[in-house]
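Take these sequences, add in the hints, and give me the full structure.
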Amino acid sequence: MGEDGSNAEFSEYVAARWARLVRSAVLLGCSPVEAEDVVQTALTRCLVNWSKVRRADDRDAYVHRVLINTFTSGRRRHWMRERPVAEVPDLHHDDGTTTYDDADAISRSLQRLTPEQRAAVVLRYYAHLSEQQMAGVLGVAPGTVKSRLSRALKILADDPNLSDLRGAL
Amino acid sequence: MNDHDLANLLERSAERIPIGTPPVSEMLVAADGLRRRRSMTRAAVAAAAVVAVVGGTALVAAMDTNPSQGSIDGPADSQPAEPVPAGTRLVGIGNSAIAVPEDWATNALQCGTATEPTVVVDVTAIEMCGWLSPEVFDNVWVEQGVNRNMFSPIEDFEIDGVAAQRDETTCTAYGDRGRQCSGTVFVPSANASYRAQAATKQRVEEILSWIHIVPDRVAVPGFGPANMDHQDDDAGEHYRAELQAAGLQVEVITEPRPGFKPGYVLGVSPGPGTMVDPGDVVSMTEIAEPRGPADEVHVEVNSVGPGDSMDYRGLSDEQIRAGAEIRIDLGATIWIYGQGKRIGTLAGEVTGPALTLDDWEEGPNYGRSWKAVERGTSTLTVSITASGKPVTLGTVTVIVT
Numbered sequence: 001m002g003e004d005g006s007n008a009e010f011s012e013y014v015a016a017r018w019a020r021l022v023r024s025a026v027l028l029g030c031s032p033v034e035a036e037d038v039v040q041t042a043l044t045r046c047l048v049n050w051s052k053v054r055r056a057d058d059r060d061a062y063v064h065r066v067l068i069n070t071f072t073s074g075r076r077r078h079w080m081r082e083r084p085v086a087e088v089p090d091l092h093h094d095d096g097t098t099t100y101d102d103a104d105a106i107s108r109s110l111q112r113l114t115p116e117q118r119a120a121v122v123l124r125y126y127a128h129l130s131e132q133q134m135a136g137v138l139g140v141a142p143g144t145v146k147s148r149l150s151r152a153l154k155i156l157a158d159d160p161n162l163s164d165l166r167g168a169l
Numbered sequence: 001m002n003d004h005d006l007a008n009l010l011e012r013s014a015e016r017i018p019i020g021t022p023p024v025s026e027m028l029v030a031a032d033g034l035r036r037r038r039s040m041t042r043a044a045v046a047a048a049a050v051v052a053v054v055g056g057t058a059l060v061a062a063m064d065t066n067p068s069q070g071s072i073d074g075p076a077d078s079q080p081a082e083p084v085p086a087g088t089r090l091v092g093i094g095n096s097a098i099a100v101p102e103d104w105a106t107n108a109l110q111c112g113t114a115t116e117p118t119v120v121v122d123v124t125a126i127e128m129c130g131w132l133s134p135e136v137f138d139n140v141w142v143e144q145g146v147n148r149n150m151f152s153p154i155e156d157f158e159i160d161g162v163a164a165q166r167d168e169t170t171c172t173a174y175g176d177r178g179r180q181c182s183g184t185v186f187v188p189s190a191n192a193s194y195r196a197q198a199a200t201k202q203r204v205e206e207i208l209s210w211i212h213i214v215p216d217r218v219a220v221p222g223f224g225p226a227n228m229d230h231q232d233d234d235a236g237e238h239y240r241a242e243l244q245a246a247g248l249q250v251e252v253i254t255e256p257r258p259g260f261k262p263g264y265v266l267g268v269s270p271g272p273g274t275m276v277d278p279g280d281v282v283s284m285t286e287i288a289e290p291r292g293p294a295d296e297v298h299v300e301v302n303s304v305g306p307g308d309s310m311d312y313r314g315l316s317d318e319q320i321r322a323g324a325e326i327r328i329d330l331g332a333t334i335w336i337y338g339q340g341k342r343i344g345t346l347a348g349e350v351t352g353p354a355l356t357l358d359d360w361e362e363g364p365n366y367g368r369s370w371k372a373v374e375r376g377t378s379t380l381t382v383s384i385t386a387s388g389k390p391v392t393l394g395t396v397t398v399i400v401t
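First to last, the protein sequences are chains H and B.
Here the first sequence stands for residues 1 to 169, numbered as in my numbering.
Here the second sequence stands for residues 1 to 401, numbered as in my numbering.
Where hints are given, some of them may not hold.
Listed next, the in silico SDA-like pairs over lysine to any residue satisfying Cα-Cα at most 25 Å (straight line) [what the hints assert, rightly or not]:
hint	chain 1	residue 1	chain 2	residue 2
1	H	Lys146	B	Glu11
2	B	Lys371	H	Arg108
3	H	Lys146	B	Asn8
4	H	Lys154	H	Val140
5	H	Lys146	B	Asp3
Calculated from the structure, these hints are not laboratory results.
Encoded structure:
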């Protein structure tokens, strides 16, 4: 397949996956604007090596691996900006309402996780990758994936904000 | 919390995130640039340097097959010309060069895209990003070797009696802003390629008509490949040898850059691509050998806060060593970290009441952090330990307001 064919195939892939990849990046901890930049960079890297993407047994897993690597390397440069904390401080909203925003609650809950646990949660429960796929994406053993998910779920289960939301499902 | 609950919560949260249109055009353009850079780098590394021996001293125009299309910026016909056509400057490789208008910039790029009319020379890395300028600006990339994957010669011709090849000028969509056309001329004897880009085919042809052979002069070689290819070696030594092989005399200037690799080439004067006379003196600047342990680390001081405030402030390595002052707000966190030899011994000693120790994470690169707990002034002395003795890197005055 020539470059034109690759570009057409890439464009189709982007049209189908752009929204979900950007939202994955937000759930990983990016702002919406930063998420679009991260996904754009990751997809550009994929396009440069599109023949590898095409040859990959699992295209989505490959792209997610590049996305995670792009996100992680970006975070290393800003390593102080976010870190897991035992107690998440209250955020002050300037919209003047007291309505508790579900998305904000979930975001705050995810902040309780380590970056590794958070990536595991997003890949498993939003990107819907299998544990085997995640092991390849994260470059760790399947057992490590299981333990990260297990610890993450325990932390989230103990989060009262999420308990309230679960009740509303 | 079961799997289904969590998946639902994430889905619900994600649905609220606004999504913009995917910038497909920008990604296609950026990827194209990255492919070209990557392949060009391989070609440059693999190609043997070839020095052409060409008689004569006059600079003549070549390749302009239609004098009526000649530009006021470039040679209008194939008559012998002055060494440098009026209003132009030469940028080249070996004894080949292109006469670009004097008002063109050098390496005016963003994400690999020209931000104004520019000649591009000795660029070995471009930012990995997708950005399109509002319009296609004229530009020409002067590069060592030729990317054989991208270059399919359709014509053999001569520039001032020297063999050259060119490919077909082609155009592609440039986002929604029209077209970008490009064409390449390769001069094998100089192992030099000239890739012109412009909004029209005619302009590309015109730019490529400005290429000359300058038999009695030589281009200052670029230092980018030396830095890239000799990351575990003395890049400066290799670059010096390259300059000397080009027939130039070399003056070496060294600059201390704590924590960075000695020998890394910072610059050359005149700049890469400038045509000079053989035997001329060029000045290259490289990173000096460390004078002691303090020169083997690079440190920074940063602060953020208080609370959720994303008010980042910081001091560079140079500022710390000069004894700078930083103002932070009550409640902010301030920390030091660094890289280089013995960085695991990085320490900070605080005097004064304004700061208290707040280490949140230990590790070789985390250094120390403190909380601003009281308005006033503290001093922070940054040091490492070498051979059991403290080596002070600098003292920072921290003013908490």
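Holds or violated: lysine 146 of chain H and asparagine 8 of chain B, Cα atoms, limit 25 Å.
Holds. Lysine 146 of chain H to asparagine 8 of chain B sits at ~20 Å (cutoff 25 Å).
Does the alpha-carbon distance linking lysine 146 of chain H and glutamate 11 of chain B stay inside the 25 Å limit?
It holds: about 21 Å lies between the C-alpha atoms, which stays within 25 Å.
Would you mind confirming whether the straight-line C-alpha gap from lysine 371 of chain B to arginine 108 of chain H stays at or under 25 Å?
Cα-Cα ~24 Å, so holds.
Are the Cα positions of lysine 154 of chain H and valine 140 of chain H separated by 25 Å at most?
21 Å, holds
Assess, step by step, whether the Cα of lysine 146 of chain H is no farther than 25 Å from the Cα of aspartate 3 of chain B, and give holds or violated.
Within the cut-off at roughly 13 Å; holds.
Going through the hint list in order, the structure satisfies each hint without exception.
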